[in-house]
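*Asks:* The listed protein sequences derive, respectively, from chains W and Z.
Residues 149 to 286 (this note's numbering) make up the first sequence, in order.
Residues 9 to 157 (this note's numbering) make up the second sequence, in order.
Errors might be hidden in some of the hints.
A partial selection of chain Z residues facing chain W, derived with a Cβ cut-off under 7 Å [unchecked claim]: (1) Glu35; (2) Ala39; (3) Asn44; (4) Ile46; (5) Thr69; (6) Ile70; (7) Leu73; (8) Gly90; (9) His94; (10) His101.
Just so you know, the hints here were simulated from the structure itself, not pulled from any lab data.
Don't be surprised by glycine CBs; every beta carbon is placed ideally from N, CA and C.
Below are the chains, spelled out letter by letter.
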Amino acid sequence: MSTVTKGEEFGPLEVTVTRANLVRYAGASLDFNPIHWNERFAHEVGLPDVIAHGMLTMAFAGSLVTDWAGDPGKVLEYGVRFTRPVPVPDDADGATVTFTGKVSEVSEGSPAIAKVLITAKCQGQTVLGKAVARVAVD
Amino acid sequence: MALDPNFIGRHYPARETYEVGREKIAEFAAAIGDTNPIYLDPAAAAAAGHPDVIAPPTFLTIVNLRAINVIVGDPELGLDYGRMVHGDQSFDHRRPVHAGDRIAVSVTIEDIMARAGNDFITMRAEVHDEASELVCVCRAQLVVRGDEA
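Isolated chain W, as found in the complex:
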């Protein structure tokens, strides 16, 4: 990966998120906040529907970067802002989120570090902001 250059783009990764995915992620991550599985509760706190765990959206975006990196251990830093919730309807289609990545700079040094900017969109709207990973590239 030492041939990584500024401006390189990768993706898109298109992910379908259903209620079943949310239940499974709740169990795996031990995040049982009812806004992610209980529609009645979600409505009570003013949400339009059950919403995906922000951390699940962050993890999907992370997979785009780790697939690009090859070895996930090369992802040194990874951070996002949760700018907009991803509502997940109670049907077979769920919600679709599309991720892309772009190398915004490559630092000198050993290892060289690529700064990767990630976009995440659901129904044309950005759901992650300041989504940045730093990846060792040699």
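Chain Z: place on chain W using the hints.
*Replies:* Leaving out everything else, chain Z in the frame of chain W:
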């Protein structure tokens, strides 16, 4: 009710040790739809230079959330869980987490501020291994929506 800025700097020491298991990593990877063999196959992980299968970059949310919930539930702080949303999250890895790691998490309240009727609380969690080496710094900002927001 605004959060009390006097809580800035409050430290919550590690309470327990969490042992990272191959099965939990596999379960987490499946939940995020990721089949990278370095998460699942010890031979593939070894070929990449790791002592065992490693965990995805956001895996530490499991222990980070548990540690954060101690603060969220601190009756002295009085944070309203029903009005809370996750504002941001980051992981600064000093090395990959791998199966067999025994880790402990301590958390410090780094900042509390009020803006436009909402409260913002930033927490810095440090994850250490059994040798007391720093493995990762996890930062989370929670937003507590005000009455008018």
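*Asks:* Hints numbered earlier in the text: which of these fail when held up against the supplied structure?
*Replies:* none
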